[in-house]
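First to last, the sequence lines map onto chains U and C. Quick note on my numbering: the first sequence kicks off at 46 and runs consecutively. Quick note on my numbering: the second sequence kicks off at 46 and runs consecutively.
Watch out, some of these pointers could steer you wrong.
Each pair of labels, with its calculated beta carbon distance range [what the hints assert, rightly or not]:
| hint | chain 1 | residue 1 | chain 2 | residue 2 | range |
| --- | --- | --- | --- | --- | --- |
| 1 | C | Ala507 | U | Leu366 | 23 to 33 Å |
| 2 | U | His314 | C | His74 | 44 to 54 Å |
| 3 | C | Asp231 | U | Thr230 | 17 to 27 Å |
| 4 | C | Asp341 | U | Glu110 | 43 to 53 Å |
| 5 | C | Asn225 | U | Glu280 | 36 to 46 Å |
| 6 | U | Leu366 | C | Asp341 | 36 to 46 Å |
| 7 | C | His74 | U | Glu141 | 54 to 64 Å |
| 8 | U | Glu280 | C | Thr230 | 41 to 51 Å |
| 9 | C | Arg415 | U | Lys373 | 26 to 36 Å |
| 10 | C | Arg223 | U | Gly83 | 57 to 67 Å |
| 11 | C | Gly263 | U | Pro299 | 45 to 55 Å |
Here are some, though not all, of the chain U residues that point toward chain C, as calculated from beta-carbon distances under 8 Å [as the list claims (entries may be wrong)]:
| hint | residue |
| --- | --- |
| 12 | Phe232 |
| 13 | Lys288 |
| 14 | Tyr289 |
| 15 | Arg419 |
| 16 | Ile423 |
Calculated from the structure, these hints are not laboratory results. We put the beta carbon where it would ideally sit given N, CA and C, even for glycine.
There are 2 protein chains.
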Amino acid sequence: MSETELQMDSSAPEPQLDEDDRLRPEFVHAVLDAVHAGDSARAHTLAEPLHPADIADLVELAPTEERAALVAAIADLIDGDVLAEMNDWVREALVESLTATQVADIAAELDTDDAVAIIEDMDVEDQREVLRALDPDDRAAIEEALSYPEESAGRLMQRELIAVPEHWTVGDVLDYLRKNEDLTTDFWEIFVVDPAHKPVGTCQLSWVLRTPRVVSMGDVMKREQTLIPVDMDQEEVALRFQKYALISAAVIDPSGRLVGMITVDDVVHIISEEAGEDILRLSGAGEGDINEPVVDSYKGRVRWLLTNLLTALVAATIISLFEGTIQKMVALAALMPIVAGVGGNAGTQTMAVTVRALATNQLTQSNTLRAIRREISIAVLNGLTVACVIGTAVGLFFHHAALGGVIAAAMLTNIVIAGLAGVIVPLTLDRLKADPAVASSIFVTMTTDSMGFLAFLGLATASGLVG
Amino acid sequence: MSETELQMDSSAPEPQLDEDDRLRPEFVHAVLDAVHAGDSARAHTLAEPLHPADIADLVELAPTEERAALVAAIADLIDGDVLAEMNDWVREALVESLTATQVADIAAELDTDDAVAIIEDMDVEDQREVLRALDPDDRAAIEEALSYPEESAGRLMQRELIAVPEHWTVGDVLDYLRKNEDLTTDFWEIFVVDPAHKPVGTCQLSWVLRTPRVVSMGDVMKREQTLIPVDMDQEEVALRFQKYALISAAVIDPSGRLVGMITVDDVVHIISEEAGEDILRLSGAGEGDINEPVVDSYKGRVRWLLTNLLTALVAATIISLFEGTIQKMVALAALMPIVAGVGGNAGTQTMAVTVRALATNQLTQSNTLRAIRREISIAVLNGLTVACVIGTAVGLFFHHAALGGVIAAAMLTNIVIAGLAGVIVPLTLDRLKADPAVASSIFVTMTTDSMGFLAFLGLATASGLVG
Chain U
46 MSETELQMDS SAPEPQLDED DRLRPEFVHA VLDAVHAGDS ARAHTLAEPL HPADIADLVE
106 LAPTEERAAL VAAIADLIDG DVLAEMNDWV REALVESLTA TQVADIAAEL DTDDAVAIIE
166 DMDVEDQREV LRALDPDDRA AIEEALSYPE ESAGRLMQRE LIAVPEHWTV GDVLDYLRKN
226 EDLTTDFWEI FVVDPAHKPV GTCQLSWVLR TPRVVSMGDV MKREQTLIPV DMDQEEVALR
286 FQKYALISAA VIDPSGRLVG MITVDDVVHI ISEEAGEDIL RLSGAGEGDI NEPVVDSYKG
346 RVRWLLTNLL TALVAATIIS LFEGTIQKMV ALAALMPIVA GVGGNAGTQT MAVTVRALAT
406 NQLTQSNTLR AIRREISIAV LNGLTVACVI GTAVGLFFHH AALGGVIAAA MLTNIVIAGL
466 AGVIVPLTLD RLKADPAVAS SIFVTMTTDS MGFLAFLGLA TASGLVG
Chain C
46 MSETELQMDS SAPEPQLDED DRLRPEFVHA VLDAVHAGDS ARAHTLAEPL HPADIADLVE
106 LAPTEERAAL VAAIADLIDG DVLAEMNDWV REALVESLTA TQVADIAAEL DTDDAVAIIE
166 DMDVEDQREV LRALDPDDRA AIEEALSYPE ESAGRLMQRE LIAVPEHWTV GDVLDYLRKN
226 EDLTTDFWEI FVVDPAHKPV GTCQLSWVLR TPRVVSMGDV MKREQTLIPV DMDQEEVALR
286 FQKYALISAA VIDPSGRLVG MITVDDVVHI ISEEAGEDIL RLSGAGEGDI NEPVVDSYKG
346 RVRWLLTNLL TALVAATIIS LFEGTIQKMV ALAALMPIVA GVGGNAGTQT MAVTVRALAT
406 NQLTQSNTLR AIRREISIAV LNGLTVACVI GTAVGLFFHH AALGGVIAAA MLTNIVIAGL
466 AGVIVPLTLD RLKADPAVAS SIFVTMTTDS MGFLAFLGLA TASGLVG
């Protein structure tokens, strides 16, 4: 159990933290000033009362070039709990600066999942060195975890858990837990297993506490349980925890034997990451982590911008087909981005709703058609409203009713097309087992841009508005 | 404890669920077909083995007009656990169709937080009727919860918890828990309180189980604890749970007394919602729930589209200033959306990264300047790359080096401006205590559109490219 959690209380707020639990800038400055002045003792005194999560934040908030000096000053505070809470990029750089023995010492005090999180990012040579420095038990546990695919339940689980046979009584369990000092102290449920070590039930600790010693575990446990296959993707693990409101769950190997346990605190940050990732993917911002090196962020983002450049060229080509029309009435050039732009917004709205509904498993085959019909209805209502407003405004401003009519008709058309594209593109990508958040906006924007220009300039030409 | 959790296992998957834990469409059809055919017994048999979360999904997946018949057929399966798992819109419609006594019966069997979730959406008259039908204890608890602001810790907490004095021994606690049948069966930590009922420590159940009977709770508990003020916003509660990896936490009133407990399973869906909300807010899609009535979605979205229409008019006005230039070289009209569009994408990327970093408390005053410098560096790299590509392509295609130079310069300018706007707009809104996800994209898009057209057409004019 962590010894350094801080007291928080509305009546006596922590001086280091602001109302949103973020480290105050003055506090961060004070620590860095002490480090600058070579006063390690003062930096240490300031940082010591912090929770591991806040020490991790402190290192992240320090400028990159000052982190080494800061870490040196508070070295003994940077334990496994702090590393486990640290941003991946910052931790990776920090771990690289440590020796294999130092990393092994830190890994040895952690649960398997946290130890794996620290070791998995190292390159193979360094990994091997750290593993050699570990004692055989820890080493075997971590090597096995590393043998599972990245981002799978096997990487996420800890091997430290409590499993007991069904015939044991509550008294047997209490005696077992009190007498065996080596057992883990942090667990929320006890797993009941058969002689082949396959889970047959789960027992919340509160049930054990409320039951007399003589009752057998088989009568306390719940037989229905949610089991996690060891190769399950972490996103699915997170959805399962969320859906069934789990606190912990047994992880089983392909033969059904209990091999580990995942607890909700390991899953909470995945739930948050996965839910937050969609916004970054839709915008093509890659990992979107502010601690990522600039060059990596650049590579991730420029690829997306160049793809968008291609789709913008499609729209430009469509416009160029109507250069004759624009030449005759150059006001069309000023008005056409309105049709494309508002259509793009309408498409993005529908797309965001669809991507979220897919990500949260709310949108399935059973209600696909209904969702499409729903989006069309909203698009028609939106289209009619916006078309009336822009049609009237343009008609009045240019004293040109036909121009108002053309832009209104183009706007209605483009918003309805945008609504269709916004729901059908992500659904299709999902059906094709592609991530709808990654590629949807390219297709949707290309559609709303091209169709916006085509509808407006095409109608202007066909209606005989010009010439 | 829920009696109906289902067994899940990689070797023997549930026939009703697909690999992502979603109800299979064939299963949903089978249930609805039975309801259609008037065969309630069959519908009931099919639905009975489902987990409450899946029964809730079944009702959500049924078309709106068939839900009443479905719910009638499986009425006794729709208990409080099912309602607690149900989408807000679907539950609200369902609860409206029940009598006050039926709602009161359901609320009585739930923890305070779940009961409040069901009752808080009803209109005041119906609420009053349900409260009258409850027994006085439940009624007092729910009335008190309703007195706290919506989306506050007070609404989220349950009053059912275990609190014991510091001088009690582990043996005293075991006896107390075994002898008092009325106590809650679902808790993960025991709160230790002083005579004024103020929390002095928290004790994980695993620590109680591993400690001999004679040890006093004061020696088992952890004194440092994370307390939640009753009026704290649920988003902050969620961030605090996430940051400190909490399983449960004590809720205190302004005088510091223990009034309730929040458990992580109540917070997990908030973490997911809050993280997923940003994408909907950035796109102006309002609540973005596919179960929201069409008219409500329309109202939420059209407001955003009309606002965007105004910003598009700004861009159109800028273009109209250059009608003379376009008249002379109509190819500019085809090329200008490229500059605006790719700039818009670059702005959206930076904005998405900034909004996420703010939402996860990674971006604070301490590293603001560094984040801005970082985004400028990335923008310059992106700008140079895209400018080279488009400049060369346009120069070659039009056999017009100056035109290539102009579009390259405009593109670089707009991408750098986009990067600046993408980081500074959300930061400013956050500093002004506004939600950066809500208004950022309006300002950023307006900037990238206007500046894209201004830079390109302005440079084309100033460089003497035309005329």
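Note whether the CB distance of Gly263 (chain C) and Pro299 (chain U) lies within 45 to 55 Å or breaks it. holds (47 Å)
Can the suggested window of 54 to 64 Å be confirmed for the beta-carbon pair His74 (chain C) and Glu141 (chain U)? With a Cβ separation near 55 Å, His74 (chain C) and Glu141 (chain U) satisfy 54 to 64 Å, so the hint holds.
Per the hint of 23 to 33 Å, is the separation of the Cβ atoms of Ala507 (chain C) and Leu366 (chain U) within bounds? holds (29 Å)
57 to 67 Å as the expected CB spacing between Gly83 (chain U) and Arg223 (chain C), which holds or is violated: Taking Cβ atoms as reference, Arg223 (chain C) and Gly83 (chain U) lie about 59 Å apart, which means the hint holds.
Using the C-beta atoms of Asp341 (chain C) and Glu110 (chain U), is the stated range 43 to 53 Å upheld? Distance hint for Asp341 (chain C), Glu110 (chain U) holds at roughly 51 Å.
Asn225 (chain C) paired with Glu280 (chain U), Cβ distance criterion 36 to 46 Å: holds (42 Å)
Given a cut of 8 Å on the nearest C-beta pair, is the interface hint for Phe232 (chain U) held or broken against chain C? holds (5 Å)
Could you say whether the range 26 to 36 Å given as a hint is met by the Cβ separation of Arg415 (chain C) and Lys373 (chain U)? violated (53 Å)
Determine whether the Cβ-Cβ distance between Leu366 (chain U) and Asp341 (chain C) falls within the hinted range of 36 to 46 Å. holds (40 Å)
Range agreement (Cβ of His74 (chain C) with Cβ of His314 (chain U), hint 44 to 54 Å): violated (37 Å)
Tell me if the beta carbons of Asp231 (chain C) and Thr230 (chain U) are separated by a distance inside 17 to 27 Å. holds (21 Å)
A closest beta-carbon separation below 8 Å is what the hint needs, so does Lys288 (chain U) meet it against chain C? holds (5 Å)
In this structure, the hints that do not hold are numbers 2, 8, 9, in rising order.
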